[in-house]
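Going down the list, the sequences are from chains A and B. Per the working numbering, residue 599 is the first one in the first sequence, and the count goes up by one each step. Per the working numbering, residue 11 is the first one in the second sequence, and the count goes up by one each step.
In case anyone wonders, no lab produced these hints; they're calculated from the structure. Be aware that a few hints might be false.
The list that follows gives simulated cross-link-like pairs (lysine-lysine, DSSO-like), each with its CA atoms no further than 30 Å apart [stated by the list, open to error]:
#: 1; chain 1: A; residue 1: K851; chain 2: A; residue 2: K763
#: 2; chain 1: A; residue 1: K763; chain 2: B; residue 2: K85
#: 3; chain 1: A; residue 1: K851; chain 2: B; residue 2: K85
#: 4; chain 1: B; residue 1: K85; chain 2: A; residue 2: K734
#: 5; chain 1: A; residue 1: K734; chain 2: A; residue 2: K763
#: 6; chain 1: A; residue 1: K762; chain 2: A; residue 2: K734
#: 7; chain 1: A; residue 1: K851; chain 2: A; residue 2: K762
Derived list of chain A stretches under chain B, where covered just means 3 residues or more per stretch with a C-beta under 8 Å from a C-beta of chain B [what the hints assert, rightly or not]:
#: 8; segment: 727 to 733
#: 9; segment: 745 to 751
#: 10; segment: 802 to 816
Heads up, the beta-carbon is just placed ideally off N, CA and C, and yes, glycines get one too.
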Amino acid sequence: MPRSRFPTQPPDLVPNPPAAGPTLHVPVSHPGDKDLSPHPESPGAPVSHPGDKDLSPHPESPGATVSPAMPFARAATPHPAEADALARAQGGDHHAFAQLYSFHKRRIYSLCLRMVGNIAEAEDLTQEAFLQLHRKIGTFRGDSAFSTWLHRLAINVVLMHLRKKGLSQISLDEAMEPAPDEGPGRSFGTPDPALAGAIDRLALERAVADLPAGYRLIFVLHDIEGYEHNEIASMLDCSIGNSKSQLHKARLKLRDALRTDTRQEARR
Amino acid sequence: MTEERNPSDCAAFQAQLPELIGSGEAMASHPHIQNCELCRALLADLETIAKAARQLFPIVEPPDALWEQIESAIKEEEANPGKN
Chain A
599 MPRSRFPTQP PDLVPNPPAA GPTLHVPVSH PGDKDLSPHP ESPGAPVSHP GDKDLSPHPE
659 SPGATVSPAM PFARAATPHP AEADALARAQ GGDHHAFAQL YSFHKRRIYS LCLRMVGNIA
719 EAEDLTQEAF LQLHRKIGTF RGDSAFSTWL HRLAINVVLM HLRKKGLSQI SLDEAMEPAP
779 DEGPGRSFGT PDPALAGAID RLALERAVAD LPAGYRLIFV LHDIEGYEHN EIASMLDCSI
839 GNSKSQLHKA RLKLRDALRT DTRQEARR
Chain B
11 MTEERNPSDC AAFQAQLPEL IGSGEAMASH PHIQNCELCR ALLADLETIA KAARQLFPIV
71 EPPDALWEQI ESAIKEEEAN PGKN
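Extracted from the complex, chain A is given alone in its bound form:
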């Protein structure tokens, strides 16, 4: 019997992305302006979304191939190395499973971290996601892209965790129902100063972390991970309209939080 059926550390397959600076300078745009710049999912991610508009759904990337750094939402065609590792891992090859871990660890860990905002929890959830993957990998039949399947598995792990933490009594749809003060009319009144076009990244990340779990989930999946509403609806078992509505409310909440920050800064 070999000393260990697992490699000490799975091989690195993707270079680390560069760190982002603390402040985001977002060009001020006007409603309806097209954003023709590439849509980097994250610094270093070699993905662009040509023709993406600021608030419009992200277009599919036809013909996209899987890369370990590619968002799951874009992973339409399996990379040969991943397909090979998947087939071998399904046959019980632990080295191949370690290779799958290397392919997907960054995305899964980053997803968990974005969704829970806590390093220790994100590590636990990543571990649980890959343990579940190990248990269930034989059930993957290729009805969807493996990366999509794994991503959904990880999301389910996070959802179960969130429900255990306080959402146990309510379904996801109920969790995403608007509170009475969150109707569309709440923006009426004296116009507040608009966001100046430069958002402090840390302030926005804090505001995202403070979002209710259902809102945060959809905001992360759509605006950060780049999923389409129909994909989110499928993943979260909610309607497309619900996904659009919750994303809108999430952005409204973030706007309120950022403007509150701005007002507090102005008073100092």
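Given chain A's structure and the hints, the job is docking chain B onto it.
Coordinates of chain B only, in the frame set by chain A:
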């Protein structure tokens, strides 16, 4: 371009916003946007947030020790099948 604002118009427009934005409809030409400063500002803010979101939470590397923990947990499960 007039700047008179009718709250009921704003309510009706904002009620449609999630669907309008989600469908990718060009918003600049929407009659209400052309006539309402408040809703223009709202839309501009939402665009700013959506743009900024793309640069949030960069992809990060999990600690090396995480694989060791996963490997260890897998071995334990295999040694004790049926525990999970």
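For each hint, the structure was consulted:
no. : hint            : result
1   : A:K851 x A:K763 : 22 Å, holds
2   : A:K763 x B:K85  : 28 Å, holds
3   : A:K851 x B:K85  : 45 Å, violated
4   : B:K85 x A:K734  : 15 Å, holds
5   : A:K734 x A:K763 : 25 Å, holds
6   : A:K762 x A:K734 : 22 Å, holds
7   : A:K851 x A:K762 : 24 Å, holds
8   : 727 to 733      : holds (count 4)
9   : 745 to 751      : violated (count 0)
10  : 802 to 816      : holds (count 3)
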